[in-house]
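Colleague: Given next are the chains, with one letter for each unit.
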Amino acid sequence: MAARSAALKIDWVKVTSSLGLRGQTAASLQAFKKRNDDARRKVQLLSEQPQTIDFAHYRKVLKNQAIVDEIENQFKTFKPATYDVSRQLKAIEAFEAQAVQSAEETKGKVEAELRSLEKTLENIETARPFDELTVDEVASAQPEIDEKTASMVSKGRWMPAGYKERFGDMSVV
Amino acid sequence: MRHFNFVLSPLDQFEIRDLFSINANLLGNIHLSLTNIGLYLSIGLFLALSYSLLATNNNKIIPNSWSISQESIYATVHSIVINQLNPTKGQLYFPFIYALFIFILVNNLIGLVPYSFASTSHFILTFSMSFTIVLGATFLGFQKHGLKFFSLFVPSGCPLALLPLLVLIEFISYLSRNVSLGLRLAANILSGHMLLSILSGFTYNIMTSGILFFFIGLVPLAFIIAFSGLELAIAFIQAQVFIVLACSYIKDGLDLH
Amino acid sequence: MPQLVPFFFVNQVVFAFVVLTVLIYALSKYILPRFVRLFISRIYINKL
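Protein chains in written order, with this note's numbering: chain A, 1 to 173; chain B, 1 to 257; chain C, 1 to 48.
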């Protein structure tokens with residue numbers, strides 16, 4: 001059986017380490033391998049047992065022939081359940097295509113972000129007179145500061161929350 | 001020896017002189033004048049505003065020493081307001097208390113300059129401020145609590161029999177708040193300046209009496225210098241006590257303790 | 001006592017209240033909001 005020999009040939013440890021899988025994927029891969037091994041072991045055990053039933057022997061021993069006939073009929077019509085794996089394979093292929101596509105998208109986004117971050121870093125490096133940074137420059141870069149000031153003053157709150165813990169209490173009392 | 005026809009009194013430094021006046025006959029004998037107290041109050045206003053406007057380190061984020069002193073005053077007054085009044089809703093009164101503090105402090109400090117004029121030693125000025133503040137706090141209390149404002153006079157946990165006497169005493173002490181707030185500030189500044197003036201007069205007489213007395217007179221002179229240091233501290237402390245009590249009276253109006 | 005000369009009472013009180021009013025107005029409109037702006041921008045820079 002081709003499937004069985006192929007399964008035997010897979011070196012599971014190398015698969016895990018070469019693909020660089022970690023954590024959850026490695027764990028699920030392990031679980032899959034265990035299921036495969038268990039299933040194969042069960043099949044092997046069962047196949048060692050006799051697969052056919054000697055009906056003539058039972059007919060001689062038991063008096064109730066009808067039940068033996070019934071069981072023989074059941075046995076003849078019994079077929080092991082076949083799994084149509086083609087649908088699963090199709091689902092797996094679709095999933096793989098989707099994964100590849102989203103990986104490419106993420107790659108594009110990450111590259112764009114990297115470029116914008118590099119530009120910001122360049123900005124910071126060149127315009128860096130931090131000692132001379134004025135409140136007006138900060139407010140022009142972030143107009144929300146002026147709005148917040150106006151709203152705080154109109155509501156009558158004269159110290160922003162969390163200022164004392166961060167910068168120290170400068171009061172004399 | 002009749003060199004002097006007049007007696008120099010230590011109270012002369014507090015004399016209000018008319019510097020520049022308009023004696024108009026319109027509106028029924030109105031007398032508009034720029035007195036020396038008006039002049040010194042205006043100088044104080046100019047100093048307070050220019051200090052706040054110039055000591056900003058060109059609006060830089062990182063402060064220099066002038067900015068730090070400004071921020072320190074801000075934080076001090078803010079912490080007083082927060083501790084005395086409600087921490088959430090009490091900050092509404094912060095600009096008023098800050099203005100009061102700066103006004104009193106600057107005028108006290110101007111008075112410490114030799115040959116200048118101490119405006120806060122005049123009772124009318126401080127009484128007008130304190131009466132206004134306590135009356136304002138009373139109005140606040142009435143506006144907020146209606147007639148229940150009079151529960152301010154009933155301290156909690158007092159036996160019922162003593163109630164009328166206690167209410168009377170509390171009422172009188174409430175009325176005396178007006179006077180005490182203003183009187184404290186004026187009396188401290190007045191007494192300090194008057195003591196300095198009297199001691200200096202005596203020390204001058206001692207030191208000009210001879211070479212030996214010159215050296216003896218260095219002892220009271222040292223005391224006068226030390227006392228001037230104390231006067232500097234009193235200038236700050238009186239301003240702070242004034243605003244602490246003002247905040248406390250406003251809180252009584254708002255919360256009925 | 002020169003403090004108790006009634007002639008200049010009105011003058012003193014008027015000057016005191018005018019100065020105090022101008023001070024309160026200038027502070028609450030221009031100077032104290034400047035401090036608030038400074039504090040907010042400091043917090044903003046450090047909270048990036």
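These are computed hints drawn from the structure, not numbers from a lab.
These numbers come from a predicted model, not from an experiment.
Using N, Cα and C, we set each Cβ at its ideal position, and we do this for glycine too.
Check the hints yourself; a few may be wrong.
Said to hold, decoys possible - If you want the footprint, here are the derived chain A segments under chain C, 3+ residues with CB under 8 Å:
1. 31 to 39
2. 86 to 98
3. 111 to 119
Unchecked claim - Label-pair restraints from in silico Cβ distances:
4. B:Ala55 x C:Pro6: 57 to 63 Å
5. C:Phe17 x B:Ser173: 25 to 31 Å
6. C:Pro2 x B:Leu175: 26 to 32 Å
7. A:Gly162 x B:Leu230: 37 to 43 Å
8. A:Leu117 x C:Tyr25: 16 to 22 Å
What the hints assert, rightly or not - Chain C regions said to be covered by chain B (calculated; three or more residues, Cβ under 8 Å):
9. 1 to 15
10. 19 to 28
11. 31 to 45
Colleague: Against this structure, judge whether each hint is valid.
Modeller: Verification of the hints:
1. Check on the stretch 31 to 39 of chain A: 0 of its residues sit with their Cβ under 8 Å from a Cβ of chain C, so the three-residue criterion for coverage is violated.
2. Look at the stretch 86 to 98 of chain A against chain C: 0 of its residues bring a Cβ nearer than 8 Å to a Cβ of that chain, fewer than three, so the hint is violated.
3. Given as covered by chain C, the stretch 111 to 119 of chain A fails the check, having 0 residues with a CB less than 8 Å from a CB of that chain where 3 are the minimum.
4. Checking the proposed 57 to 63 Å range against Ala55 (chain B) and Pro6 (chain C) shows it is violated: the Cβ atoms sit about 40 Å from each other.
5. Between Phe17 (chain C) and Ser173 (chain B) the C-beta distance comes to about 27 Å, which sits within the given range of 25 to 31 Å.
6. Pro2 (chain C) and Leu175 (chain B) have their C-beta atoms about 28 Å apart, which keeps the hinted 26 to 32 Å range intact.
7. Taken as a hint, the range 37 to 43 Å holds for the pair Gly162 (chain A) and Leu230 (chain B), whose Cβ atoms sit roughly 39 Å apart.
8. The hinted range of 16 to 22 Å is not satisfied by Leu117 (chain A) and Tyr25 (chain C), whose Cβ atoms lie roughly 47 Å apart.
9. Only when three residues or more bring their CB closer than 8 Å to a CB of chain B does the claim for the stretch 1 to 15 of chain C stand; here the count is 11, and the claim holds.
10. With a threshold of 8 Å between beta carbons, the proposed coverage of the stretch 19 to 28 of chain C by chain B holds, since 8 of its residues qualify and at least three are required.
11. Counting residues of the stretch 31 to 45 of chain C whose CB lies closer than 8 Å to any CB of chain B gives 8, so the stated coverage by that chain holds, three being the minimum.
In the structure shown, a violation is registered for the earlier hints numbered 1, 2, 3, 4 and 8, in ascending order.
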